[in-house]
Amino acid sequence: MLTVLLVGFPLLAALLVFFTRGTAARSLAMAASVIEFVISLIALYIFKHNPDSPLLSFNCVWVQSLGIHFSIALDGLSILMVLLTTFLVPLIILSSYSNNYSNSHNFYGLILIMQMALVGVFVAQDGFLFYVFWELALIPVYFICLMWGGENRGAITFKFFVYTLFGSLFMLVGFVYLYNHTNVDGLKSWAIQDLYNAGKSLNANQQGILFWLIFIAFAIKMPIFPFHTWQPDTYVNAPTQGTMLLSGIMLKMGTFGVIKWLLPIVPLGLEKWGGTAIGLSVIGIVYASCIAIVQKDFKRLIAYSSIAHVGLISAGILSANQQGIQGAIMQMLAHGVNVVGLFFIADILLQHTGTREIEKLGGIRSMNGNFAVLFLIVLLGAVALPLTNGFVGEFLLINGVFQYSGIIAAFAGLTIILGAVYMLRSYQTIMLGERKDSNITFGPLAGTEKAVLIIICVVVILFGVYPKPLNDIAEEATRTILMVMK
Amino acid sequence: MKGLLIISGLGILAMLAEIFKFKKLLLPIVLLGIVAAYAFNYFEWANNLGLHYFDNMISFDNKAIAFSGIILATAFFWFILANDYFEEETNLVDHFALVLFALVGALMLTAFTNMTTLFLGIEIMSIPMYVLAASKKNDMRSNEAGFKYLIMGSFASAFLLFGIALIYGASGSFDILKIREYIGAHSTDMPMFFYVGVVMMLVAMCFKVSAAPFHFWAPDVYEGSPTLITALMSTVVKTAAFAAFMRLFLITFGEISEVWTGILAAVVALSLIIANFSAAMQNSVKRMLAYSSISHAGFMLMVIMANVRSNMSLDAIIYYSLAYSIGSITSFGILYSVTKKGNENISAFNGLGKRNPFLGICMTIAMLSLAGIPITAGFFAKYFVFTTVMGTHYQWLLILAVITSAVGAYYYLKIIIAMYFKEQEEETPVDMEGLNKFVVILTTVLTIVIGLAPGMVAEMFKF
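As they're listed, the protein sequences go chains A and B.
Oh and the first sequence: position 175 is 174 in numbering that gives the first Met the number 0, straight run, nothing missing.
Oh and the second sequence: position 386 is 385 in numbering that gives the first Met the number 0, straight run, nothing missing.
Careful: at least some of the hints might be erroneous.
[Stated by the list, open to error] Stretches of chain A that chain B covers, calculated by requiring three or more beta carbons in the stretch to come under 8 Å of a beta carbon on chain B: (1) 16-27; (2) 60-68; (3) 142-153; (4) 174-181.
[To be verified] Computed beta-carbon distance windows for the label pairs: (5) D436(A) - A452(B): 27 to 35 Å; (6) A452(B) - S26(A): 33 to 41 Å; (7) N151(A) - I402(B): 22 to 30 Å; (8) G185(A) - Y41(B): 45 to 53 Å; (9) M0(A) - N47(B): 52 to 60 Å; (10) A452(B) - Q402(A): 42 to 50 Å; (11) G168(B) - K271(A): 33 to 41 Å.
Hints were generated in silico from the structure; no laboratory data involved.
Keep in mind the model is a prediction, meaning the values are calculated, not measured.
Cβ atoms here follow ideal geometry from the backbone N, Cα and C, with glycine treated the same way.
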């Protein structure tokens, strides 16, 4: 029942917010998202004490004749992802306090609907339900980008929508194929366990086709090279909160999908094609890092760095060993927090100085020391310095990929070096040195801006120093997945 | 059956309205009549009568009743939408009568059990449509539309008739069940001209559902006809033609599917490709919706082509027709209000999200439904098609369907982008009359409701 609340509450709140006007909508959305976070903490507490608690799962028939159930449950992997979502959404809403959006009630309502769909994706235990939430998550973020995005938003959001829809439809075909092979006492079923069994009953060739049908949807969402072309433009043009939703949480739908809805279904397909997919991921890492180095716009730089990071996550997952997947889960959490922080910093830069161009900025540290410190902490988390939250995941990931193949790990490891290059260099240019343009000033941060950054910095350090609680859950979840795969 | 009689009676009544001066009452009477017809339909369903009438010429079994239900419901919404359209026209009653007679033909098509009833149904439905297409007497394009529709439609009817004659020549019967028996008994020694007859009927039916490559009339006719008549064509006429198509090919010619499924697969592939890519290039919304209707025809034909005679495939077509019909009613209803000033291009929708946020949301939902996005009805419709075809060896068509669906999303999004992204030069609010608003709300809600609970529709055929 608690899980139903997790999915249903944001939807109810969203409906309320749609009918509120002015700043009340913002406060209401903020309150709702904080309550949602509290609910997810309660769920975590229950999960820690009794993972099989009936409170955490719910199952009722949706369409009888088609074997579709509204079946949701929280397992180790889901709870981590749900926590990430419910933690980030309040921050995202808080970060919008300094922006003034027109029709803001629609804006916040859509964010909450988005949250509902995201939580739904993470808790779905029924293939069909998963697909529905998956597609549903696309619609609010599409409208957020279309209505409040930047200059060329029409064409860009359109590319984004069609691209992801294209991938999703392939996934639907794959799932339907799988569904046609399920057999539970003569009936077909959409339950995740039955889909797992159906997948394993197929031969290697069929699994290989299925692997690509499903993987392409996840690869586009993450995005993996060469399916990434929608991403930089969309990230740059979306309003900051939209970018945060896309990169912080929505991207994780793809990696989450690979872990839960791909690996256990087609273990043979993975054996056959996993190498190719890892190859693509690693190409993406090097390619995106190199492009990031030459970027002029800080927001675009982060967009490319995100491709590099997710490439490593994907390589780790596809290497399908304990360290790889566990590292991927940890890195998904860390990356979610860090990238939201970075995009927020890019937004703060734009708000305060009127530009995001790295070359034009300089010497901001001398104007606002606090901001420099906070920026540095988030940045170090992103480059995975030890004792920041990024380190654990990245270390495990490289470890996992190394077990798969030393050479690939060497290339994947470039992400750390290249990441340090473009991140530290942009920090150096933006924050240090002399002021390049005397017109550019940087006043003190607003209260909400400070609050968001401080919360993120605390998380970066806290889970860098003491990652154990999350790591334990991730380890257990990975073990379960690997068991199912055998 | 009683439903059919009631609608026929209403048609005659409508013609008398001018003489006996109850023009004002006509709309309520017609609406009540449709509701009554629907109720009788429902009664026959509940009792599972499935009686044969007129020496086995027509039979309202459950399949027929399901399709007539969709047709009657759509017609009900359509008449409400059309209320002010009729007020503008001087010769109001003629239009009422014509639409009602077209409806009679449509209902016959859902229930025929004899080739003559099939032909009669098609003609009774088509001839009023030819007239209605040309009903804007002073508009060049409307005249062109009517003329084109008449020529092409007659051409298709001739094919149909010739096909029926050839089949009669071989089997010696017009009765679809007797023909079926004949096929069963003579599976090896049927004359060549029997197969020619089947293919000719296939071509004629493809004309009627406007599947590529027999679709060339559709865009011109859709564009030229008055918007509401276009709405009627793309909902009622289309559903009826599909009901007939399915009845004919799944019941009568189901046993010799190897003759026609190959051709139909090519038709489906062409419909999906040509329609979606052409639609993406249109500026006129009506033309775009015409091409979109061709692509939806391709989807529905896929189920017939799969030739799986199961409840699943029946449900698939019925659900698809319903989802498509209500989505079209919403979009045409809004299109009608938006294009009243004469601009029928996509730019007419510019800034609708601001000019009338409510219509913007309804149009968005309709477009998402036509594009097949959850949680709308269109998504389940597409899903049913996928599951039905997945079990056959036409899986390559599914991949094609996926690719063209993504193209399809392009042109539906074009309207959404126009509504929320493009600015309108003059900020004129778009008004919609109360009754029309009611229809648009109802169909939008219905789109979501049957999208959320497809079980209501999808589990109709429990045998």
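- Hint by hint, work out which the structure violates, then give me just those numbers in ascending order. 1, 5, 8, 9 and 11
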